[in-house]
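Participant: In case you want the letters, here they are:
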Amino acid sequence: MKGGIQVNSAYTVDLQGRPPESRAIETGPWSETYIRRRSMNLWGILRITKIAGILLPLAVSTITAIPDPWLIEKRRRDTVVTVSIFQEVIGHAISRSEALIIARQILEQAEHERLALAEFEAARGIQWSDEL
Amino acid sequence: MIYEFPDKSAPIQQGDIFVSLPRIDISLNNVLIAGETGERAAKWVEVIQRYESLNIIVPVRPVTAIVATQDCDALHGRDITLCEISEFRDVERKSKDCTNPRKLKNIITQHARINQKWFYLPPDEGIGFLEKMAVDFMVTLRVPRAELEELRDLRKGRLNQIADEHFRERISEFFRRYPYDEWYPLDQEELKAYKVEYPDAKPFPWQQTEITGNGDKK
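Protein chains in written order, with the working numbering: chain Z, 1 to 132; chain R, 1 to 218.
Hints are computed from structural coordinates only; laboratory data are not their basis.
It is possible that part of the hints are untrue.
[As the list claims (entries may be wrong)] In silico negatives: residues of chain R with every beta carbon more than 10 Å from chain Z:
id : residue
1  : Ala34
2  : Pro123
3  : Ala146
4  : Ala163
5  : Phe174
6  : Tyr180
7  : Gln188
[Unchecked claim] Per the computed footprint, the stretches of chain R lying under chain Z, defined by three or more beta-carbons under 8 Å from a beta-carbon of chain Z, are:
id : segment
8  : 21–30
9  : 36–48
10 : 55–68
11 : 90–97
The beta-carbon is built from N, C-alpha and C at its ideal position, and this holds for glycine as well.
Full structure from sequences and hints, please.
Facilitator: Next up, the structure:
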């Protein structure tokens, strides 16, 4: 057989020709050497103590950051009080008659401003003369 | 004139003219809060930080208006949008003191092509217009469709076919407008003449190159 078919055949043969054990060994670089760890001496103990000296304060500081339920509750109560005061002071108190007068003024101002805009628009652009 | 008078049972459609519909005006600087313990006045920016919804006092005036919502939405939508109809002399102030028919003719026909903010409605006793009127596209109001259908007695008529087609195009033109500085294509001489009338016009970068006596730019 020739061409692509031949190549495929060769590849198939190559895979099938190896025993499963040898393929498993060649899965990657694997050169473990068993070096014995040095037994711990005085220097090693001092080194560990130094690291512990750094980590312990950090750990303690983390513990103090744990949420304090009493503090949270106090803050929550403070927020509630603040919000209720906030809502009380929104705007300023007016009487019903004042509100109606202001409402009327809003309406009239809106109509006045629409008219003013129309005047502005009329002053622009083509001005038709009476002779046209 | 340009109106027709549909049967009361006819569904609401674009170009229908209603009277006495509520136009609401709101001030964002003076929101009148109706509270259980009394009224308060506040600015809108203060209100939105503290309330999800609230009851306010708003001024309202009954006005004449024309349906702007297109027919399909006017049949099925929850709300219907209308534009206020006012006297023509208030909407187009060029006509306020004009009695000359030739000038009025120019404003109504020629100016209508230029100014897309209004739609002219001629007087007609049948529909209740004793003066020249105009749709002011700048002023809209919104009402619930189902409730407006119950108030079809307030519908005085609608635009006829020609006027309705024109109205449909004009309202779409109004909402598809975009802002631009009209002096942008003028050359320096034209811009100079333009600034005599509109001194606030600021030249664009391509209008700032001067042309010297021998025709070179500098």
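Participant: Which hints, by number, does the structure contradict?
Facilitator: 1
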